[in-house]
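Trainee: Sequence:
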Amino acid sequence: MKYYWLSLLLAYAVPGLSQDNGPAIQGTISDDQGSVIPYASVALYGGADSTMVGGAVTDEAGKFRISAKPGQYYLKISFLSFEEKTVPVNFATQNVDLGTITLRSSSRLLKEVVVTGEKSQMELQLDKRVFNVGKDLSNIGGSAADILGNLPSVNVDPDGVVSLRGSENVRILIDGRPSGLTSRDPDALRKLQGNLVERVEIITNPSSRYDAAGEVGIINIIMKKNQQKGINGTITANVGHPEFYGGSYTINVRRKDVNLFSSYGVDYRRRPGRGHSFQRFIGTDSSYRQDNDRISGETSHNLMLGLDYFATDKSTLTGSFLYNTGDGITRSTTVYRDFKNDMPEGTVIRTEREQEDEKNIEGSLNFKRDFSKKGQTLTADLKWIKSVDNETTNYTEGQEGATPKLQYADNLANEVNWLFQSDYIHPLSKEGKLETGLKTATRTIRNEFRLQELDGEGNWIMFPAYSNNLIYTERVHAAYLMGSNRFNKLSLQGGVRFEYSDITTELTETQVINPRKYYNFFPSASISYAIRESKTLQFSYSYRISRPEFRDLMPFSDFRDSRVFFVGNPNLQPEYTHSIEAGYLLDWKNGSVLSSIYHRHRSNVIQRIVTTPDGNDSTRIIMPINMAQENAYGLEFNLSLNVQNWWRINTSANFYRAITDGTYEGHRLHSDTYTWTTRTTSRITFFKSLNFQASFNYRAPRITPQGKQLSVYSLDLALSRDVLKGKGTVTANVSDLFNTRKRRSVVDTEDYFSESVFQGRMRQFMLTFTYRINREKERNEGRERNRDETAESINFGHEKNIKNRIQPAAPRPVAAVAEGFGYGIHVHARFSEVL
Numbered sequence: 001m002k003y004y005w006l007s008l009l010l011a012y013a014v015p016g017l018s019q020d021n022g023p024a025i026q027g028t029i030s031d032d033q034g035s036v037i038p039y040a041s042v043a044l045y046g047g048a049d050s051t052m053v054g055g056a057v058t059d060e061a062g063k064f065r066i067s068a069k070p071g072q073y074y075l076k077i078s079f080l081s082f083e084e085k086t087v088p089v090n091f092a093t094q095n096v097d098l099g100t101i102t103l104r105s106s107s108r109l110l111k112e113v114v115v116t117g118e119k120s121q122m123e124l125q126l127d128k129r130v131f132n133v134g135k136d137l138s139n140i141g142g143s144a145a146d147i148l149g150n151l152p153s154v155n156v157d158p159d160g161v162v163s164l165r166g167s168e169n170v171r172i173l174i175d176g177r178p179s180g181l182t183s184r185d186p187d188a189l190r191k192l193q194g195n196l197v198e199r200v201e202i203i204t205n206p207s208s209r210y211d212a213a214g215e216v217g218i219i220n221i222i223m224k225k226n227q228q229k230g231i232n233g234t235i236t237a238n239v240g241h242p243e244f245y246g247g248s249y250t251i252n253v254r255r256k257d258v259n260l261f262s263s264y265g266v267d268y269r270r271r272p273g274r275g276h277s278f279q280r281f282i283g284t285d286s287s288y289r290q291d292n293d294r295i296s297g298e299t300s301h302n303l304m305l306g307l308d309y310f311a312t313d314k315s316t317l318t319g320s321f322l323y324n325t326g327d328g329i330t331r332s333t334t335v336y337r338d339f340k341n342d343m344p345e346g347t348v349i350r351t352e353r354e355q356e357d358e359k360n361i362e363g364s365l366n367f368k369r370d371f372s373k374k375g376q377t378l379t380a381d382l383k384w385i386k387s388v389d390n391e392t393t394n395y396t397e398g399q400e401g402a403t404p405k406l407q408y409a410d411n412l413a414n415e416v417n418w419l420f421q422s423d424y425i426h427p428l429s430k431e432g433k434l435e436t437g438l439k440t441a442t443r444t445i446r447n448e449f450r451l452q453e454l455d456g457e458g459n460w461i462m463f464p465a466y467s468n469n470l471i472y473t474e475r476v477h478a479a480y481l482m483g484s485n486r487f488n489k490l491s492l493q494g495g496v497r498f499e500y501s502d503i504t505t506e507l508t509e510t511q512v513i514n515p516r517k518y519y520n521f522f523p524s525a526s527i528s529y530a531i532r533e534s535k536t537l538q539f540s541y542s543y544r545i546s547r548p549e550f551r552d553l554m555p556f557s558d559f560r561d562s563r564v565f566f567v568g569n570p571n572l573q574p575e576y577t578h579s580i581e582a583g584y585l586l587d588w589k590n591g592s593v594l595s596s597i598y599h600r601h602r603s604n605v606i607q608r609i610v611t612t613p614d615g616n617d618s619t620r621i622i623m624p625i626n627m628a629q630e631n632a633y634g635l636e637f638n639l640s641l642n643v644q645n646w647w648r649i650n651t652s653a654n655f656y657r658a659i660t661d662g663t664y665e666g667h668r669l670h671s672d673t674y675t676w677t678t679r680t681t682s683r684i685t686f687f688k689s690l691n692f693q694a695s696f697n698y699r700a701p702r703i704t705p706q707g708k709q710l711s712v713y714s715l716d717l718a719l720s721r722d723v724l725k726g727k728g729t730v731t732a733n734v735s736d737l738f739n740t741r742k743r744r745s746v747v748d749t750e751d752y753f754s755e756s757v758f759q760g761r762m763r764q765f766m767l768t769f770t771y772r773i774n775r776e777k778e779r780n781e782g783r784e785r786n787r788d789e790t791a792e793s794i795n796f797g798h799e800k801n802i803k804n805r806i807q808p809a810a811p812r813p814v815a816a817v818a819e820g821f822g823y824g825i826h827v828h829a830r831f832s833e834v835l
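Position 688, counted from 1, in the sequence shown is what the UniProt record's numbering calls 688; the numbers after and before it change by one each time, with no gaps.
Treat the hints as calculated values from the structure; they're not laboratory data. It should be emphasised that the depicted structure is a prediction, and the values quoted were computed from it without experimental measurement. Be a bit skeptical, because a hint or two may be false.
As the list claims (entries may be wrong) - Derived DSS-like pairs: lysine-lysine, alpha-carbon spacing no greater than 27 Å straight-line:
hint	residue 1	residue 2
1	69	373
2	374	433
3	373	433
4	433	63
5	63	314
6	589	489
7	224	128
8	439	314
9	433	128
10	314	368
11	359	383
12	386	439
13	589	433
14	439	383
15	69	128
16	314	373
17	224	368
18	383	224
19	128	439
What the hints assert, rightly or not - FRET-style restraints, in silico, Cβ to Cβ:
hint	residue 1	residue 2	range
20	293	684	33 to 43 Å
21	241	434	50 to 60 Å
22	353	459	28 to 38 Å
23	432	657	33 to 43 Å
24	753	293	16 to 26 Å
25	589	753	51 to 61 Å
26	589	353	52 to 62 Å
27	539	416	58 to 68 Å
Heads up, the beta-carbon is just placed ideally off N, CA and C, and yes, glycines get one too.
Build the full structure now, drawing on both the sequences and the hints.
Mentor: So, in structure tokens, the structure goes:
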């Protein structure tokens, strides 16, 4: 057993020893019940000096193949919960087929398997960074939005809008595909329970394989899914303050060629928020102070059902169904104190009660075919998404002490998506391959908004200026071709993607139709050079697009309150980005460092600006416009380090300069900002089973075309301890210890000035208890991780440097027991599975 991890790492780190077209030793590994064993470690040793000369990991069919020169050898075959087996091999000049080799279950190992290593929170790869969310104690009990907010260079504002490296133009995927959970509502990720998420991948310069949408790259959220044999699962329950409780389960049942999997999460969250602002209209010398308090409570459900059918050793059909629903009520009170020449003029009180009902249904089919030639693969995906979001809001507004006026708004959005995609990979040589694929996606959104006011006679009167019905249709057809090869230490990848866009907006009330059609070629390229096995340089380039969101194209006012309106711009053009990045990856025994420098040139930059209508001394209009260009230059640093066996540090920093230029109605809009963000997490293990973690986030001030955004910082603390001989864990943590996570901004123009502060998430204290029964957690995690990372890596460079990196961890033994059904119970202010 002690050779298992060494063999496994060797097999991934030195693929040239285990994959070759020449003479080889091959065979199949099975258990004593006749079932094949995927991901078993097979190590090849020289018979004379017992030196390890090669290795492999069995595939899904339990097969392995190791190339070697003729001679006397022996194999050591191992897998967790099975006895290690040694097989002598007399290797001549022809292939040696050892047939089926049977491993016997170890009763000792079935009773207890002690694992001393674990995955790092952050794994650094040249093409992406991978974050294992369960390893970050600050993620316990949070939503998917909370998880993203804890990632380096990622920011989630109080409205749920996600930005990466300072830009909101980032593409968010779930399991590598678009989802209704990420396309319809910026705040939707807060309705997805974080304990259903396995990991998050950040890809800052995607290849031609991916959609061209997203200026700064892709954030890919990978959901939990198990394919392990038998019955495996986890059940959780949680409770906390501010009021929060819920639960979830994940389970799979695999028998021979069928794997059933399911997950479900439900929670209720009560989120208080508050803010205040000061607005001054220069020309009229009028101003007002605004104070807002709000509280929202919502219940969300997420159900996923799926089935894998392994038709043959090389063909798999997967079907899945996702149902998400969320309903909640938000109440807010806003007090306006008006001034003229700095003298009080009166007080206006406005109340809102918004009721929201959201539903999202997704169905998907996936087919994968592996051919006899290694690496030759065909996949096909079909996905259907339907989302419905119905918001009804009651408003009251009036002078303090007077009878308020009553208003009612109804906003109904209905969205349907169809997606078909097929990808084919054809190996050209041992290291070279050709990839191609097709994709077609259609998106139809119907958005109906109505605003009414109760008159003095008790009749509801429609406001035509704020009422309309929009139909948005988007069709994007794409094809790509990409090739890659490796020449000794030099790896090359290049490709081009073609996308044809057909977008139409239609206002049914006014019969205004605005069609637009355009096509683009999006090239991408990457070069990497392995200086040594532990040092690699990479250069990458991509050309990308950011299409306007449908709300930005609506030419009528979106009624927010009586003093702030959002108006879309039907003349918005797509934004284009040239992105260049160079990276240096240094990997050593105790850690990894990834340093990157990047440059982005954006044209037709979509920027929201604030204007004030002529003759109005109390109203602001927010609208998007196309600015001329932006140039951004940045340096990013990521470190994952085991200082000692008991102390691990992950730290990231992003320093960048952004220069933005544009004009609006003859006024120049310009900003030149230097800013930076950083996140540092330190985790210390005491007495083998006690863990302490501190996480600090900081975002420096940033200049905008019309003002600036001020700094934001926060500190999270967590303490966990394994109890009950490793079967239980108690965790206590606090999020935003000093209650400083607030959005602060300033707008300063020729005729308008404002400064505002808003806090959408308050400090939270959490207590968690986790109990695990009959779950071999570490073994399952390792197998699934190896399978997923191997399948999903963008493998174009030196393979040692882009495979999954498992950093050595603090020596914290965790008792793991045999395959079976498991569950956990969590009691706390927020919840997640804890290791």
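Trainee: Give a verdict on every hint.
Mentor: How the hints compare with the structure:
For the hint linking residue 69 to residue 373, the alpha-carbon distance of about 22 Å falls within 27 Å, and the restraint holds. With a CA separation close to 11 Å, the supplied pair residue 374 and residue 433 stays within the 27 Å bound. Between residue 373 and residue 433, the direct Cα distance comes to roughly 12 Å. Compliance with the 27 Å bound is thereby established for this hinted pair. For the hint pairing residue 433 with residue 63, the CA-to-CA distance comes to about 22 Å; that is within 27 Å, so the pair holds.
Of the pairs offered as hints, the one joining residue 63 and residue 314 holds, with about 12 Å between alpha carbons and a cut-off of 27 Å not exceeded. Our distance criterion of 27 Å between C-alpha atoms is met by residue 589 and residue 489, whose separation comes to about 21 Å. Between residue 224 and residue 128 the CA atoms are separated by roughly 19 Å; this keeps the pair inside 27 Å, and the hint holds. For the hint pairing residue 439 with residue 314, the CA-to-CA distance comes to about 23 Å; that is within 27 Å, so the pair holds.
The suggested pairing of residue 433 with residue 128 holds, with an alpha-carbon distance near 20 Å, which does not exceed 27 Å. Using a Cα cut-off of 27 Å, the hinted pair residue 314 and residue 368 holds, with the two alpha carbons roughly 8 Å apart. For the given pair, residue 359 sits about 17 Å from residue 383 by alpha-carbon distance, which is consistent with the 27 Å threshold. With a C-alpha separation of about 19 Å, the suggested pairing of residue 386 with residue 439 holds against the 27 Å cut-off.
Among the hinted pairs, residue 589 with residue 433 is inconsistent with the structure: their alpha-carbon atoms are about 31 Å apart, more than 27 Å. Note on residue 439 and residue 383: the hinted pairing holds, with a Cα-Cα distance of about 11 Å set against a maximum of 27 Å. Our distance criterion of 27 Å between C-alpha atoms is broken by residue 69 and residue 128, whose separation comes to about 36 Å. For the hint pairing residue 314 with residue 373, the CA-to-CA distance comes to about 11 Å; that is within 27 Å, so the pair holds.
This hinted pair checks out: residue 224 and residue 368 have alpha carbons roughly 20 Å apart, not beyond 27 Å. Of the pairs offered as hints, the one joining residue 383 and residue 224 holds, with about 19 Å between alpha carbons and a cut-off of 27 Å not exceeded. For the suggested pair residue 128 and residue 439, the alpha carbons sit about 23 Å apart, so the restraint of at most 27 Å is met. About 39 Å separates the C-beta atoms of residue 293 and residue 684, a value consistent with the hinted range of 33 to 43 Å.
The given range of 50 to 60 Å is respected by residue 241 and residue 434, whose C-beta atoms sit roughly 56 Å from each other. For the pair residue 353 and residue 459, the supplied restraint of 28 to 38 Å is violated, since their beta-carbon distance comes to about 21 Å. Under the hint 33 to 43 Å, the C-beta atoms of residue 432 and residue 657, about 39 Å apart, fit the expected range. For the pair residue 753 and residue 293, the supplied restraint of 16 to 26 Å holds, since their beta-carbon distance comes to about 24 Å.
Residue 589 and residue 753 have their C-beta atoms about 56 Å apart, which keeps the hinted 51 to 61 Å range intact. Checked against the given bound of 52 to 62 Å, the beta carbons of residue 589 and residue 353, roughly 59 Å apart, stay inside it. Checked against the hint of 58 to 68 Å, the C-beta distance between residue 539 and residue 416 comes to roughly 41 Å, which is inconsistent with it.
In this structure, the hints that do not hold are numbers 13, 15, 22, 27, in rising order.
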